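Visitor: In case you want the letters, here they are:
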Amino acid sequence: MQRARIRWHIAVFLAPAVLVYTAIMIFPLFNTLRLALYSEVDQTRIFVGLDNFRTLFFDPIWSEQFWNALGNNFWFFIVHMLVQNPIGVALAAILSHPRLRFAALYRSAIFIPTILSFVIVGFAWKLILSPIWGIAPSMLEFIGLKSLFQPWLGKEEYALTTLALISVWQFVGIPMMLIYAALLSIPEEILEAGEVDGITGISAFWKIKLPLILPSIGIISILTFVGNFNAFDLIYASQGALAGPDFSTDILGTFLYRTFFGFQLQLGDPHMGSAIASGMFAIILIGVCIYLFGIQTRMRRYQM
Amino acid sequence: MKRNFLKLALLSTALTATSAMAEDVTITIESWRNDDLVLWQEQIIPAFEAKHPGIKVNFTPSAPAEYNAVLNSKLDAGSAGDLITCRPFDASLALYEAGHLSGLDDMEAMNNFSDVAKSAWQTDDGAVSFCVPMASVIHGFIYNKDAFAELGVEVPTTEAEFFAVLDKFKEDGSYIPMAMGTNDQWEAATMGYNNIGPNYWKGEEGRLALIAGEQKLTDPQWVAPYATLAKWADYLGDGYEAQTYPDSQNLFTLGRAAIYPAGSWEISGFNSQADFEMGAFKPPVQNAGDTCYISDHTDIGIGMNAATENPEAAKTFLAWVGSPEFASIFGNALPGFFPLSSEPVELADPLAKEIVGWRGECESTIRSTYQILSRGTPNLENETWGASVAAIKGASSPEDLGAELQDGLASWYAPHQ
Numbered sequence: 001m002q003r004a005r006i007r008w009h010i011a012v013f014l015a016p017a018v019l020v021y022t023a024i025m026i027f028p029l030f031n032t033l034r035l036a037l038y039s040e041v042d043q044t045r046i047f048v049g050l051d052n053f054r055t056l057f058f059d060p061i062w063s064e065q066f067w068n069a070l071g072n073n074f075w076f077f078i079v080h081m082l083v084q085n086p087i088g089v090a091l092a093a094i095l096s097h098p099r100l101r102f103a104a105l106y107r108s109a110i111f112i113p114t115i116l117s118f119v120i121v122g123f124a125w126k127l128i129l130s131p132i133w134g135i136a137p138s139m140l141e142f143i144g145l146k147s148l149f150q151p152w153l154g155k156e157e158y159a160l161t162t163l164a165l166i167s168v169w170q171f172v173g174i175p176m177m178l179i180y181a182a183l184l185s186i187p188e189e190i191l192e193a194g195e196v197d198g199i200t201g202i203s204a205f206w207k208i209k210l211p212l213i214l215p216s217i218g219i220i221s222i223l224t225f226v227g228n229f230n231a232f233d234l235i236y237a238s239q240g241a242l243a244g245p246d247f248s249t250d251i252l253g254t255f256l257y258r259t260f261f262g263f264q265l266q267l268g269d270p271h272m273g274s275a276i277a278s279g280m281f282a283i284i285l286i287g288v289c290i291y292l293f294g295i296q297t298r299m300r301r302y303q304m
Numbered sequence: 001m002k003r004n005f006l007k008l009a010l011l012s013t014a015l016t017a018t019s020a021m022a023e024d025v026t027i028t029i030e031s032w033r034n035d036d037l038v039l040w041q042e043q044i045i046p047a048f049e050a051k052h053p054g055i056k057v058n059f060t061p062s063a064p065a066e067y068n069a070v071l072n073s074k075l076d077a078g079s080a081g082d083l084i085t086c087r088p089f090d091a092s093l094a095l096y097e098a099g100h101l102s103g104l105d106d107m108e109a110m111n112n113f114s115d116v117a118k119s120a121w122q123t124d125d126g127a128v129s130f131c132v133p134m135a136s137v138i139h140g141f142i143y144n145k146d147a148f149a150e151l152g153v154e155v156p157t158t159e160a161e162f163f164a165v166l167d168k169f170k171e172d173g174s175y176i177p178m179a180m181g182t183n184d185q186w187e188a189a190t191m192g193y194n195n196i197g198p199n200y201w202k203g204e205e206g207r208l209a210l211i212a213g214e215q216k217l218t219d220p221q222w223v224a225p226y227a228t229l230a231k232w233a234d235y236l237g238d239g240y241e242a243q244t245y246p247d248s249q250n251l252f253t254l255g256r257a258a259i260y261p262a263g264s265w266e267i268s269g270f271n272s273q274a275d276f277e278m279g280a281f282k283p284p285v286q287n288a289g290d291t292c293y294i295s296d297h298t299d300i301g302i303g304m305n306a307a308t309e310n311p312e313a314a315k316t317f318l319a320w321v322g323s324p325e326f327a328s329i330f331g332n333a334l335p336g337f338f339p340l341s342s343e344p345v346e347l348a349d350p351l352a353k354e355i356v357g358w359r360g361e362c363e364s365t366i367r368s369t370y371q372i373l374s375r376g377t378p379n380l381e382n383e384t385w386g387a388s389v390a391a392i393k394g395a396s397s398p399e400d401l402g403a404e405l406q407d408g409l410a411s412w413y414a415p416h417q
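Chains as they are written, first to last, in my numbering: chain H, 1 to 304; chain C, 1 to 417.
Okay, chain C solo, but in the shape it has when bound:
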């Protein structure tokens, strides 16, 4: 009797457990945006779950620098989440080619995006798209408005004005003129070289010519940004060689630095940390009146793990990511990640609004090293990190750096041979 009762109890728990599973599908998102964990958990996921009862979403980010390695290992081991946050270009293309990401062209939501927005997550011939574009980031400089007012300096628009402002701050001494370090290396390339560079190589024109092999990294428009970076060293804080990325962020948000070479992704973090008013200015042009170019880099997409056990739920989520509703929630929840959907989204954050406004004034481009050019060994993007740091430290001349990068690129990239 007692044994029967036990069996019954076991059976009933088993039944309830299976029925609960049938009701609730849990899908997991792999991401490198661990900074956004709270926003996903408090705004984006509840908004989705409210509309789609029965689907639970789990956001499991890992550290940005480790994401690619962690993700690749997980995919190979079959333990990756249902949805994969896509890095732009080759990292995701390789995942698609290895069969880890599903093609998404049959999804209606893909029509909400322009071809440029989709370009970062397509095969080279543009035939298949495998990630839904989520957001781009824009480069520029964020500055401390209080510090600018205190010294009575105007926002610079040309390079001469830019260095004049830096000189003023250096002379005054109460602020570190510019918060950037070279310890982590990537800031020098991403917030340095690829931030100011597009004004020299004229955005897309130069970038596409470089891919086509019509321009070389030894050409003046590709070398000159290194010469400008070399001038930055005087304005970075003491010991900038060992200053890390979080150090720079903290220096600026604590109000100890006046200018921060930025990507727009910093906005939400800075808003919660800085207690002074911030403004932004776009990379200064050489001469007043020049066309300005900004790096408006397609940065995040989201795709579906081809091995997912819940393709329906995953597709439902992706379709929602492609909808204007998501664009509006995402754009406002994460000011600084600008939605890529064709329909413009009204942003509430003043700093984000200021930066996204540059899209109307300047020509947009993406980071020069990301498409195709970082496919071989040596890896142009990683080499650019080292070169930008060397330029700032004055370890090599800009011409030598250009020649070194060109040699590396020419060693494997046919159009440059």
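Bound conformation, chain H alone:
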């Protein structure tokens, strides 16, 4: 009788990835969740249970900021879903048209902003939109629409949408590339078969291509969701940690930063900060779960 051999090689091959991932992702994540259950009183750390969360959700001072940041975050996400992803799909559809010339040039040009740093993007757009030195007012003046110009980044009602659109400009290349790849993988035979049945041009896109790339669109939506709810950089680079004007561009990321590290005379509070970070984690987790179990499992896949 032969005992089952312990297959060491599996452990050995898994070890590097598991160790690295545990050290830099899993451990910090759980430590953050743990930190959220403590508070600091007179220089000593004490366990307070869910007290920090009670403060965060029910203390009017904190909850107002939290819901404001969450609401702004949803708006940020909605703008991306309504503007970035449809434009990305449309660009990909145009780029994949076989008779389009200079497709590679357009593709690179649209993708380039994605590889730029947030700091550069934030700074460049701040200058473009600046009412004093910017080119936006003079360009509008050139076409006679100067009256439409507003100091967008400085007005409560426009600032967040403006920043969301800047972010769309920066990242529209990602859905474009993913959809472009998905479109290229659709076999020519299917399209030709459709043509025989009389489905050509734009209706070929709606009736054949779109259903086939739906899984990719789903992936893009979830990537957008995770990316937007973790967003921080662009707002911080262009509006600072107070996410002005009057917190109108405050999203969870900037709220977390301000709380965790402190700002100006406000001292950092790692425990409340961790509570916010845990909240962000929960929101993203719930969103991803809804997608994975509610949407992805029901999505029809086609054999290609």
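Bear in mind the hints are in silico, worked out from the structure with no lab data behind them. It is possible that some hints are incorrect.
[Claimed, not checked] Which stretches of chain H does chain C cover? Using the computed rule of at least three CB atoms under 8 Å from a CB of chain C, they are:
| # | segment |
| --- | --- |
| 1 | 124–134 |
| 2 | 160–167 |
| 3 | 241–250 |
| 4 | 259–268 |
[What the hints assert, rightly or not] Pair ranges (Cβ atoms, derived):
| # | chain 1 | residue 1 | chain 2 | residue 2 | range |
| --- | --- | --- | --- | --- | --- |
| 5 | C | 272 | H | 282 | 27 to 35 Å |
| 6 | C | 171 | H | 124 | 33 to 41 Å |
| 7 | H | 21 | C | 124 | 15 to 23 Å |
| 8 | C | 309 | H | 14 | 36 to 44 Å |
| 9 | C | 350 | H | 74 | 50 to 58 Å |
| 10 | C | 60 | H | 25 | 25 to 33 Å |
| 11 | C | 124 | H | 30 | 36 to 44 Å |
| 12 | H | 124 | C | 271 | 24 to 32 Å |
From a predicted model like this one, the values you see are computed outputs, not experimental measurements. The C-beta atom is built at its ideal place from N, Cα and C for all residues, glycine as well.
Starting from the known structure of chain H, fit chain C onto it as the hints suggest.
Guide: Same frame as chain H, now just chain C:
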């Protein structure tokens, strides 16, 4: 043979390396004054190193808005420099209480400073001082002398005159009357509210009464400055809502704006950028002949990282910072940062001299929100930024702003409950 030679070579390099380390101690200074990097490297540090051979000084500033966060992370991680530039009041007090800053009362150089100068870096009971005071900044308005001469307007002393001057510039149209934006928010509070405010709440008298709970932020003397700020909006440039702090600085130094609500820290930057003559006037009083109050804010100190590996060298540097020699170099190298040492320092820069002269004419105070009142959540200083911006934009009435701030303060500060 060859191997022995290699060993010898290694050994000798190791020896020289250690002996070099024994000779030269390098101490690092953490600071938020990245604007002053050149002055530190070219004037202050060489002056110190010439007197103290064997100690090398490294000045490593970070961006002002990030300094506190960066510093706290570095201190917690144990990678912070030997010397810490101290923000006034609670930020530094917290560092001391957390054991990151050493007490400095045993240093002889501390006797060169008045109690008021030391107050920003002491425990609440005044028992321990933990930073050597370096400098204060004074608020007021810097103006373009050429522009004033061109329009033939006089320097205003009362509020009515101040707005008359602004009206003239607005009418004329060739200059933006006043260069300030609300995008970065803090200018509105620091150069707006806390600049003109002391004339309303009578400086220290009002500030201390507010801390004691005898006055409230809803009292007229605390609300009125917001009403005055609301009048500023008409005189700021187009699109001031998105105008940033560097935008305002550039507008003024390019000669496109007439008046700049300022802190004296701007002087050295403005001197190198503006090619017109500048003057300064203190915050206008309500009626001619009123006592004037200025914000003479203790702004910079320097302390020692308790975890430093070079306490001797660090203390040597601190003692030198407390000496009259440093005060003179610093005050003249950085006009606009006025040394706090008891011995008066002769300043060469005319603009700095003009501003520091106000100390003799007016009562000095510090910014109202800095001591004790910004300890809780919501943070009064940050709230004041938002309130000042809202006042200028006209988003809320001054009374509503006062009530909102008072509610926030009363929610955690016992003397106001």
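Visitor: Give a verdict on every hint.
Guide: Structure-based check of all given hints:
Coverage of the segment 124–134 of chain H by chain C holds in this model, with 6 residues showing a Cβ closer than 8 Å to a Cβ of that chain against a need of three. Counting residues of the segment 160–167 of chain H whose beta carbon lies closer than 8 Å to any beta carbon of chain C gives 0, which falls short of the minimum of three for the stated coverage. Only when three residues or more bring their CB closer than 8 Å to a CB of chain C does the claim for the segment 241–250 of chain H stand; here the count is 6, and the claim holds. Only when three residues or more bring their CB closer than 8 Å to a CB of chain C does the claim for the segment 259–268 of chain H stand; here the count is 8, and the claim holds.
In this structure, residue 272(C) and residue 282(H) break the distance hint of 27 to 35 Å, their C-beta atoms being roughly 52 Å apart. One distance hint, 33 to 41 Å for the beta-carbon pair residue 171(C) and residue 124(H), holds here, with the actual separation near 37 Å. Between residue 21(H) and residue 124(C) the beta carbons are some 47 Å apart, a value that contradicts the proposed interval 15 to 23 Å. Look at residue 309(C) against residue 14(H): about 41 Å separates their beta carbons, and that is inside 36 to 44 Å.
Distance hint for residue 350(C) and residue 74(H): a CB-CB separation of about 55 Å, consistent with the stated range 50 to 58 Å. Taking 25 to 33 Å as the suggested C-beta distance range, the pair residue 60(C) and residue 25(H) conforms, at roughly 31 Å. Checked against the given bound of 36 to 44 Å, the beta carbons of residue 124(C) and residue 30(H), roughly 38 Å apart, stay inside it. Evaluation of the 24 to 32 Å hint for residue 124(H) and residue 271(C) yields a pass: the beta carbon distance comes to about 30 Å.
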